[in-house]
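**Q** Next come the chains, spelled out residue by residue.
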Amino acid sequence: MILFVTAQQPFLDSPVDERFGRSPWLVKIETETYHWDALPNPGASQSGGAGVAAAQFVIDQKASAAISGDFGPHAASALRTAGVEMRLLNGEVATVQQAVQSFLQGKLLAFG
Amino acid sequence: MQIAVASGKGGVGKTTIAASLALSLAGEHAVCFLDCDVEAPNGHLYLNPVFDRQTPAVIKIPQIQAERCSSCGKCVEVCQFHALAKVGRSILVFAQLCHGCGSCTWNCPEGAISEIPNPIGSLEAGQTKEGIHFAQGVLTISEPMPTPVIRQLKRWSQASEDAVTILDAPPGASCSVVETLRGSDYALLVTEPTPFGLHDLKQALGIAREMDIPAGVVINRDGVRDSRMDWFLSQNKLPIMMRIPFSKTLAAGIAAGKPLIEIWPEYQPRFRNMFRQIAESIAKGKPC
Numbered sequence: 001m002i003l004f005v006t007a008q009q010p011f012l013d014s015p016v017d018e019r020f021g022r023s024p025w026l027v028k029i030e031t032e033t034y035h036w037d038a039l040p041n042p043g044a045s046q047s048g049g050a051g052v053a054a055a056q057f058v059i060d061q062k063a064s065a066a067i068s069g070d071f072g073p074h075a076a077s078a079l080r081t082a083g084v085e086m087r088l089l090n091g092e093v094a095t096v097q098q099a100v101q102s103f104l105q106g107k108l109l110a111f112g
Numbered sequence: 001m002q003i004a005v006a007s008g009k010g011g012v013g014k015t016t017i018a019a020s021l022a023l024s025l026a027g028e029h030a031v032c033f034l035d036c037d038v039e040a041p042n043g044h045l046y047l048n049p050v051f052d053r054q055t056p057a058v059i060k061i062p063q064i065q066a067e068r069c070s071s072c073g074k075c076v077e078v079c080q081f082h083a084l085a086k087v088g089r090s091i092l093v094f095a096q097l098c099h100g101c102g103s104c105t106w107n108c109p110e111g112a113i114s115e116i117p118n119p120i121g122s123l124e125a126g127q128t129k130e131g132i133h134f135a136q137g138v139l140t141i142s143e144p145m146p147t148p149v150i151r152q153l154k155r156w157s158q159a160s161e162d163a164v165t166i167l168d169a170p171p172g173a174s175c176s177v178v179e180t181l182r183g184s185d186y187a188l189l190v191t192e193p194t195p196f197g198l199h200d201l202k203q204a205l206g207i208a209r210e211m212d213i214p215a216g217v218v219i220n221r222d223g224v225r226d227s228r229m230d231w232f233l234s235q236n237k238l239p240i241m242m243r244i245p246f247s248k249t250l251a252a253g254i255a256a257g258k259p260l261i262e263i264w265p266e267y268q269p270r271f272r273n274m275f276r277q278i279a280e281s282i283a284k285g286k287p288c
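Line order of the protein sequences matches chains C and V.
Numbering-wise (our numbering), the first sequence opens with residue 1 and increments by one.
Numbering-wise (our numbering), the second sequence opens with residue 1 and increments by one.
Some clues are possibly wrong.
To be verified - In silico DMTMM-like cross-links for lysine to aspartate or glutamate, where the CA-CA straight-line distance does not exceed 25 angstroms: (1) Lys74(V) - Asp60(C); (2) Lys28(C) - Glu77(V); (3) Lys202(V) - Asp212(V).
Keep in mind that the hints were calculated from the coordinates and are not lab data.
Please read all numbers here as calculations on a predicted model, not as lab measurements.
Next comes chain C alone, as it looks inside the complex:
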């Protein structure tokens, strides 16, 4: 499955970013192959509608799940409609890699 984690820097060991629409980077991970890629978040530079821009991007990348600190109402509505699972970071998760591990171990709470 394809996972997206919001990140402050374009690396697997980057600190996670708490924001979905405004995080500078979206790290894409394919859980089967562990192939990953850091993509600039198109929402980060928008004056408005950042959440929808980020959600559209994640949906277009065929994501199954998105992990962030929170999801705004517009982004959440788009992701929910597209069937993208939303999971929340917790205090034990510091890096993107840890977020992926916690997700795979089922330790991240569902949003909403």
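Chain C is fixed; fit chain V onto it per the hints.
**A** Just chain V now, kept in the frame of chain C:
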């Protein structure tokens, strides 16, 4: 003639000045008062109009006709505000993000988009006992976009050409202030002699200059001396149209909802005189 009362900084006395200017002129001219501070319109507290007309303020938002839509995503692509998203074969509309620009409708190759009115507030109008034609826009709480309400208020109020229209602007220096100032003949900038008043006055003045609207300044709470204010005004050759001293009597009267000229009737001729100066300055076409 349209005179916009703006400030940059909030709480400096825009509505106090606008209301007393309107009341001072009411006997001499046809006066129209537009409360353009649609996020918190409160000019009615001074002027007490009897509202007898109301209409909704709307934004036209897209409605997708699913049977015509080919899911090409062109509408999503052209929307600068991310008010549309494409999920699978369907298009989602986020009404609160829509600016009503119509780009999606215009660009849809299938003609699958129609526009429907989305109410975001209301417009209300009535007369005051002095005969002032009063109108205000009210943005619904939680709605994010004041500008369309202001635009519709100005169009709807139908002020006659020879009336003196006083527009009470919102605070700040954003789109809603620009929309209020648009088409105005004069910007009356209210400020107070504090670092905050001066800082925000510069922003408001920047807008007036950018829009080529002549401006003059009213210094409220004068006496709380900040010499930088006078220095700035003289450096920029900005006329000081009126000074109102800092006064507890005035503050108490205003807190009780009384207009300035009711508390200090001797200010009525001063407001009339200020209006004459504004009219002369407009007639001369003097830049600010």
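**Q** With the threshold set at 25 angstroms, check whether the alpha-carbon distance from Lys74(V) to Asp60(C) stays at or below it.
**A** holds (14 angstroms)
**Q** Given the proposed pairing of Lys202(V) with Asp212(V), does the C-alpha separation stay at or below 25 angstroms?
**A** Holds. Lys202(V) to Asp212(V) sits at ~15 angstroms (cutoff 25 angstroms).
**Q** Would the pair Lys28(C) and Glu77(V) pass a check requiring their Cα atoms to be no farther apart than 25 angstroms?
**A** Answer holds: Lys28(C) to Glu77(V) is near 23 angstroms, not above 25 angstroms.
The structure meets every hint from the earlier list without exception.
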